[in-house]
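**Q** The chain contents come next:
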Amino acid sequence: MDKRNAGDTEPYLVIRNITKTFGELVALNDISLAVHEGEFVCLLGPSGCGKTTLLRIIAGLEQQNVGQIFQAGKDISRLPPRNRDFGIVFQSYALFPNLTAAENIAYGLENRKVPKKAVDEKVTELLNLIGLPDVGKKYPAQLSGGQQQRVALARALATSPGLLLLDEPLSALDARVRISLRLEIKHLQEQLGVTTVFVTHDQEEALVMADRIVVMNQGTIEQVGTPEQIYRSPASPYVADFVGMMNFIPVETMDTLDKVKLGSLMLRCFLPEDFKPGRPATVAIRPEEIRLVAENGPGPNTLKVTVSELEFLGSFCRLTCKLHQEDRTSLVVEVSDNRMRELSLDIGHDLCLYLPPELIRVYPEQVAI
Amino acid sequence: MATSTPDYPIEAALEIQSVKGKRIEQRLGFEDYLRRFLFILVGLGFYLFLIYPLFRGLARSFQNKTGEFIGLENYINYFSSATTSTSLTNSLYISAMSTVFTVLLAFLYAYGLSRMMIPGRRILRMIALLPIFIPSLVQALALIYVFGNNGVFTRLAGINIHLYGSTGIIISEAFYAFPHAFIIIAASLALADARLYEAAESLRTKGWRMFTTVTLSSARYGLMSAAFVVFTLAITDFGAPKVVGGNFDVLATDIYNKVVGQQNFEMGATISTLLLIPALIAFILDRIVQRRQVAAVSVGITPMTPRPHHPVAQWGIYALMLLIAVFILSIYGIVLMGAFTRYWPYDLSLTLRNFTFYVAGTQHRGGAFVVLWTSIKMAFWTAVAGTIIVFCSAYLIEKTRGISTTRSVLYLLSIAPLAIPGMVLGLSYIFTFNNPASPLNFLYGTLAILVISSIVHYYSVPFLTAMTSLKQLDPEFEAISESLNAPFYRTFWRVTMPVTLPAIISIASYFFLNAMVTLSAVVFLFVPGKELASLSVMLLDDAGETAQAMAMALLIIVVGFLVRGLFFLLTHGVERRTQAWTKR
Numbered sequence: 001m002d003k004r005n006a007g008d009t010e011p012y013l014v015i016r017n018i019t020k021t022f023g024e025l026v027a028l029n030d031i032s033l034a035v036h037e038g039e040f041v042c043l044l045g046p047s048g049c050g051k052t053t054l055l056r057i058i059a060g061l062e063q064q065n066v067g068q069i070f071q072a073g074k075d076i077s078r079l080p081p082r083n084r085d086f087g088i089v090f091q092s093y094a095l096f097p098n099l100t101a102a103e104n105i106a107y108g109l110e111n112r113k114v115p116k117k118a119v120d121e122k123v124t125e126l127l128n129l130i131g132l133p134d135v136g137k138k139y140p141a142q143l144s145g146g147q148q149q150r151v152a153l154a155r156a157l158a159t160s161p162g163l164l165l166l167d168e169p170l171s172a173l174d175a176r177v178r179i180s181l182r183l184e185i186k187h188l189q190e191q192l193g194v195t196t197v198f199v200t201h202d203q204e205e206a207l208v209m210a211d212r213i214v215v216m217n218q219g220t221i222e223q224v225g226t227p228e229q230i231y232r233s234p235a236s237p238y239v240a241d242f243v244g245m246m247n248f249i250p251v252e253t254m255d256t257l258d259k260v261k262l263g264s265l266m267l268r269c270f271l272p273e274d275f276k277p278g279r280p281a282t283v284a285i286r287p288e289e290i291r292l293v294a295e296n297g298p299g300p301n302t303l304k305v306t307v308s309e310l311e312f313l314g315s316f317c318r319l320t321c322k323l324h325q326e327d328r329t330s331l332v333v334e335v336s337d338n339r340m341r342e343l344s345l346d347i348g349h350d351l352c353l354y355l356p357p358e359l360i361r362v363y364p365e366q367v368a369i
Numbered sequence: 370m371a372t373s374t375p376d377y378p379i380e381a382a383l384e385i386q387s388v389k390g391k392r393i394e395q396r397l398g399f400e401d402y403l404r405r406f407l408f409i410l411v412g413l414g415f416y417l418f419l420i421y422p423l424f425r426g427l428a429r430s431f432q433n434k435t436g437e438f439i440g441l442e443n444y445i446n447y448f449s450s451a452t453t454s455t456s457l458t459n460s461l462y463i464s465a466m467s468t469v470f471t472v473l474l475a476f477l478y479a480y481g482l483s484r485m486m487i488p489g490r491r492i493l494r495m496i497a498l499l500p501i502f503i504p505s506l507v508q509a510l511a512l513i514y515v516f517g518n519n520g521v522f523t524r525l526a527g528i529n530i531h532l533y534g535s536t537g538i539i540i541s542e543a544f545y546a547f548p549h550a551f552i553i554i555a556a557s558l559a560l561a562d563a564r565l566y567e568a569a570e571s572l573r574t575k576g577w578r579m580f581t582t583v584t585l586s587s588a589r590y591g592l593m594s595a596a597f598v599v600f601t602l603a604i605t606d607f608g609a610p611k612v613v614g615g616n617f618d619v620l621a622t623d624i625y626n627k628v629v630g631q632q633n634f635e636m637g638a639t640i641s642t643l644l645l646i647p648a649l650i651a652f653i654l655d656r657i658v659q660r661r662q663v664a665a666v667s668v669g670i671t672p673m674t675p676r677p678h679h680p681v682a683q684w685g686i687y688a689l690m691l692l693i694a695v696f697i698l699s700i701y702g703i704v705l706m707g708a709f710t711r712y713w714p715y716d717l718s719l720t721l722r723n724f725t726f727y728v729a730g731t732q733h734r735g736g737a738f739v740v741l742w743t744s745i746k747m748a749f750w751t752a753v754a755g756t757i758i759v760f761c762s763a764y765l766i767e768k769t770r771g772i773s774t775t776r777s778v779l780y781l782l783s784i785a786p787l788a789i790p791g792m793v794l795g796l797s798y799i800f801t802f803n804n805p806a807s808p809l810n811f812l813y814g815t816l817a818i819l820v821i822s823s824i825v826h827y828y829s830v831p832f833l834t835a836m837t838s839l840k841q842l843d844p845e846f847e848a849i850s851e852s853l854n855a856p857f858y859r860t861f862w863r864v865t866m867p868v869t870l871p872a873i874i875s876i877a878s879y880f881f882l883n884a885m886v887t888l889s890a891v892v893f894l895f896v897p898g899k900e901l902a903s904l905s906v907m908l909l910d911d912a913g914e915t916a917q918a919m920a921m922a923l924l925i926i927v928v929g930f931l932v933r934g935l936f937f938l939l940t941h942g943v944e945r946r947t948q949a950w951t952k953r
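Here the protein sequences line up with chains Y and G, keeping their order. Counting with my numbering, you get residues 1 to 369 for the letters of the first sequence. Counting with my numbering, you get residues 370 to 953 for the letters of the second sequence.
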């Protein structure tokens, strides 16, 4: 199988108009998506958004009501799982408890009538690859969670599948193990170049690991994009809120596309060109994008505030600030610990906040805050 | 609102098209056809050996002797005569009474064991479980030896409690059902959360209020469930009323008398149907209660430990527990003595004569062991075939994707035998198999029909055991093996079976021990020359050969103990061998 670069015209996995219902519940509503060869795609969303269902449909473990799936140019929509070409890893590891780590890894190879010697070689190679050369003779119960999940990964990769499916593989692990294993998986994936679909509800995991993130909500795709695109230009308030923290401020639009009205204040920003003016809207800005400025310089986009709450989070502090002019609105600002000490900030202090116009996103709907 | 990113030509690749209408089904392969074939086999088995016979039995209750449809006439006849219709009220009476006694005693016993600081808890627990595989008619026989007109107690104390009739039946049923109720109640007491008690204590809840608001409240589903089980056991039991009932007719003995005594099959079928109704109601109520219980159980409870009680309560309950334990043990003692005694209670000299087992009219000259051997063979095949069928069908039902309607229908059929009294099943088998026109007639009078009826009769409990242990396996094993291209039967053989081996062994043991003592399902099905041990106890007692009946009962008990020991060793061995992969 020749390796193509991402961005080539023909995607490796194409999902077309997939709809899946469970009785009355619409789990997936007309989902379409393309994944390129060698790409690492994360399906990100809260529980119940349909991400796991989509993964299971790609595997053939669930059957879509409507829609098609193509893998490597072949229509696999109606194939049972055993005739599809994928390896899968689950949150629960699902290692066979009565087989050793080596036997677990060899399980798929033995089904393909691979000679015993070749199986042994492959198992050794994979154990080395996952960095656990000595656990071959151990049973799953004798391994730690992280080790078990690595063995499960090796088992999924043993048959060199064209597609690797990962269903929340890190969610059952301790925070520390999770952080080290997510990098390991990412490196392994890059090394092997295997096309990967990864399901997670953890935005940080998605941002760190994915080439592209698919943000899902209630059976639909909200946005598809690189981690930077998702974080910096969330397509909807939903995405903005789900990935990272976001301040939402209700505003009124005017008949120009370069400012909005926040109470008695004008806020400069850039509205999309197709924006229909004259209606209520919401502007959004991330806590770390707001800048603290000297108190004596209220210029454009600068708001006078009072610190009402302070959360100490180690390397930075999260301040909740009340606007002087609009005391029903408050903003969350993140300030590095250094800066905090420089300014010796505390609750009740007055501040000036500058909202850079180029970082303000405007959404044409009202967001419940 | 889906947004695509500019560097990926997704829209072009997708050629968005709306495909509406037909649902897409997965293509079927060899394995799917194999699974479907196995499903059909299971369904066919249920049809032939459960649904169809029951239907035949039901149909017969609406017919007269010549097979004409007569509507409800049989039922009207039953209820119109005061002498016959008493069996229904009698049955309800003795079942209700034994339910009250058994649940009360079993609750106090289980409460004492799990919550009180009393000596000898382990041994008391073992004793409570002892009667589980003694046929109810043996309990009744033992009662006669003690409380009968010539019983030890009656003669020594000079008090006749007038055992024959409802008194004897209620006492027998109470002890017969005791271990079943005890297991259920003990399990529900074990589910109580110690944190609830700590919370109540921190709110200064006092003893009695604590008992009613926390203990009883958290055990209530267990108590209800136990009540339904005891009620069902009592109302469907045949052995004890047969032996100690005297002229006190209950539904089960009434069926027997109508069929065996009067050859009135239609009335037998009618009374069968009447027996089925309360059993069915108890079964449905029990299912509802159990569903509630599952919903009420929270994850990760902190188990209770025994704690001090008011001395009066503590030692009062302890005395009662000791009394029950002594009573249970004395049943064994009486059987042991009775089996080796020449003529209880007049001639207490020891003898082995009772084991030679010669009764005029029966065809056995080889002694009790010939009959015992038939029983062991029957129990062996029930265990082997029953375990394979139960486990494989539970696997199919639990571990197959899709076809959910088929699976839930089969699930329902699998637990239905819980509601079918053995007498009803046995009688319906006669209608089905003792019929020259039936293509399955060849089964009649064979060991096979006894095996089949025992498997069907005892199907549900092993089935639920298998389901429980299969549910504990990671549901993704099947998905993983499919992704690795392993056929399901390979993973079944290499992973599922080894991991669930302890459950499989306990299923086999359950089948074997029950088949050894079964009476109600096979009482209509045996033919001369194929008597089973439990049947012989009844026949010998009927013939007045009580000492020989005791000898036979002793042999059944001994075999039961040996087999239980064997299965214990087997489980122990399996657990030792699998220690590597179950423990760190």
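Since the hints were derived computationally from the structure, they do not count as laboratory data. The beta carbon of each residue, even a glycine, is placed where N, CA and C say it ideally should be. Mixed in with the good hints, there may be bad ones.
[Stated by the list, open to error] Selected chain Y positions facing chain G (in silico; Cβ < 10 angstroms):
| no. | residue |
| --- | --- |
| 1 | 60 |
| 2 | 78 |
| 3 | 81 |
| 4 | 96 |
| 5 | 158 |
| 6 | 165 |
| 7 | 167 |
| 8 | 270 |
| 9 | 312 |
| 10 | 356 |
**Q** Now tell me, hint by hint, if it's right for this structure.
**A** Each hint tested on the structure:
1. Using the Cβ-Cβ criterion of 10 angstroms, the hint placing residue 60 of chain Y at the interface with chain G is satisfied: the shortest such distance is roughly 7 angstroms.
2. Given the 10 angstroms rule on beta carbons, the hint for residue 78 of chain Y holds: about 5 angstroms separates it from the nearest Cβ of chain G.
3. Taking 10 angstroms as the C-beta contact cut-off toward chain G, the hint placing residue 81 of chain Y at the interface holds, the least distance being around 4 angstroms.
4. Taken as an interface hint, residue 96 of chain Y checks out: its beta carbon lies about 5 angstroms from the nearest beta carbon of chain G, inside 10 angstroms.
5. Residue-level restraint check for residue 158 of chain Y holds (minimum Cβ-Cβ distance to chain G is 8 angstroms; threshold 10 angstroms).
6. Against a cut-off of 10 angstroms between C-beta atoms, the interface hint on residue 165 of chain Y holds, since the closest Cβ of chain G lies about 8 angstroms away.
7. Annotation: interface hint on residue 167 of chain Y holds; nearest CB of chain G at approximately 8 angstroms, less than 10 angstroms.
8. Contact between residue 270 of chain Y and chain G, as hinted, is not supported at the beta carbon level, the nearest pair being about 18 angstroms apart and thus beyond 10 angstroms.
9. This hint is violated: residue 312 of chain Y has a C-beta 32 angstroms from the nearest C-beta of chain G, more than the 10 angstroms allowed.
10. Here the hint on residue 356 of chain Y is broken, as its CB sits about 23 angstroms from the closest CB of chain G, past 10 angstroms.
Comparing the model with each earlier hint shows violations of hints 8, 9, 10; every other hint is respected.
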